[in-house]
Amino acid sequence: MKGVVAAALPLSAFKILSPAQVKASVGDSNVRWVFLVDIQKCVGCGFCVKACKIENEVPYDVGVTRTWVERYVVTKDHKTHIDTPMGGRDGYTSSKIHGEEIDPDTITKAFFVPKLCNHCKKPACVQVCPVGATYQTKDGVVLVDRSWCIGCGYCIMACPFGARFFHPIYKVAEKCTFCYHRITKGMKTACVEACPFGARQIGDLKDENDPVAKTIMTKRVGILKDEYGTQPQVYYIGLDERVR
Amino acid sequence: MKNHVFRPLFVVIAGVALLLLVRHFIVPSDFGVEEGGSFTFNYHRLSSNDDWKNFKVKYRGKEYCQECHEEKVEEILTSPHSVIQCENCHGPAIDHPEDPEVLSIETSRLLCRRCHAFLPYPQSNRADMPAINPEEHNPNENCVECHNPHNPDLENM
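From first to last, the protein sequence lines stand for chains A and B. Mind the numbering: the first sequence is residues 1 to 244 in our numbering, read in order. Mind the numbering: the second sequence is residues 1 to 157 in our numbering, read in order.
Be a bit skeptical, because a hint or two may be false.
Stated by the list, open to error - No farther apart than 20 angstroms at their CA atoms in a straight line, the calculated lysine to any residue pairs in the SDA-like style are these: (1) 188(A) with 53(B); (2) 58(B) with 162(A); (3) 188(A) with 66(B); (4) 138(A) with 33(B); (5) 121(A) with 36(B); (6) 121(A) with 228(A); (7) 225(A) with 162(A); (8) 62(B) with 19(B); (9) 185(A) with 211(A); (10) 188(A) with 210(A).
Calculated directly from the structure, the hints in this document are not laboratory data. Note that this is a predicted model, so its numbers are computed, not measured.
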């Protein structure tokens, strides 16, 4: 009798789940927001940074920004000159980098790299939050709960991409939201909308008819800092190994 | 067991009870309740999603402008500037025409220079932009005095 009870008990602890229930229990949903940047198309106008700052009420004249554009100029002596004045907010209008004029004849290649939060699949910033103020939504966007954040700054240090900063007004951690208020209404993010050249695109990786998902799955794309294992979801076309 | 064992134990129990009581009142009721969420990445206040969804949209897009300014939008759509959003130069519409009633148009040289200042970068698309040297090409003059931003065709200047 005792043996029967002992054998039956563990069995009753198991539950048979349908595939849909399993999918739900691992935090799956039908949408996975991803971003695609075409480095070749970017001309460094900085309209994306300007639009982002205004759309998301990021203090305009303070040196913090949710998205930014970096300039890389590689010269024949294998040096890489990198700058991002005010995050590229006012566009790149001068060939001087950190006040230094670079001889055009020595340039082997030059390009602009738009950057933003990678909305990683395994976000290090979320893992380190001691109060549960930053989290990943079911559609893959990493957000900060402004009313719950205590401003300890662990997440700012944990992000390998430097995508987070301290909001000077709200005194909480601040980051790109993929314009969650826009994408959930069927609009595009402010930076995608503002880009005249189609260098930035947002899409849904789980929608197989989505042009962005198609590109990511069928073309050669790269991600930043793969070695950190956070599985970034901002993909780049034409990525150079000098980009960090 | 003697009293000196139980007394600190009661203190510990009272401490834990107090902590749980405080936690009960401070933590919002919708905290960590998301269905199927993982503890590592989804433990949060559920209504924070809605806080972000309700954030004010400021850039309304070309379609919104077209509702009233049909002619202007069509004019620019036939020009090389068709790729540029109205709000990049005119500023975000927000709730225009109610609030703001008038948009402040950016007509400065700095705006045009974002794309049209010459940079010696042969490998990037920047090289394909029609470009000038801002220090030599009519410095101190606003570009819009000669060039029509809605139709920047050099032949129809």
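To see whether the hints hold, each was checked on the structure:
Our distance criterion of 20 angstroms between C-alpha atoms is met by residue 188(A) and residue 53(B), whose separation comes to about 14 angstroms. A distance of roughly 26 angstroms separates the Cα atoms of residue 58(B) and residue 162(A); the hinted pair therefore is violated under the 20 angstroms criterion. Restraint check for residue 188(A) and residue 66(B): satisfied, since their Cα atoms lie roughly 18 angstroms apart, inside the 20 angstroms limit. Distance restraint check for residue 138(A) and residue 33(B): the Cα-Cα separation of roughly 13 angstroms lies within the 20 angstroms cut-off, and the hinted pair is therefore satisfied.
The suggested pairing of residue 121(A) with residue 36(B) holds, with an alpha-carbon distance near 16 angstroms, which does not exceed 20 angstroms. About 12 angstroms separates the Cα atoms of residue 121(A) and residue 228(A), which keeps this hinted pair within 20 angstroms; it holds. Of the pairs offered as hints, the one joining residue 225(A) and residue 162(A) holds, with about 12 angstroms between alpha carbons and a cut-off of 20 angstroms not exceeded. At most 20 angstroms may separate the alpha-carbon atoms for a hinted pair to count; residue 62(B) and residue 19(B) exceed this at roughly 54 angstroms.
Between residue 185(A) and residue 211(A) the CA atoms are separated by roughly 19 angstroms; this keeps the pair inside 20 angstroms, and the hint holds. Pair hint residue 188(A) plus residue 210(A) holds up; C-alpha atoms about 13 angstroms apart against a cutoff of 20 angstroms.
Checked against the numbered hints listed earlier, the structure breaks hints 2 and 8; every other hint is satisfied.
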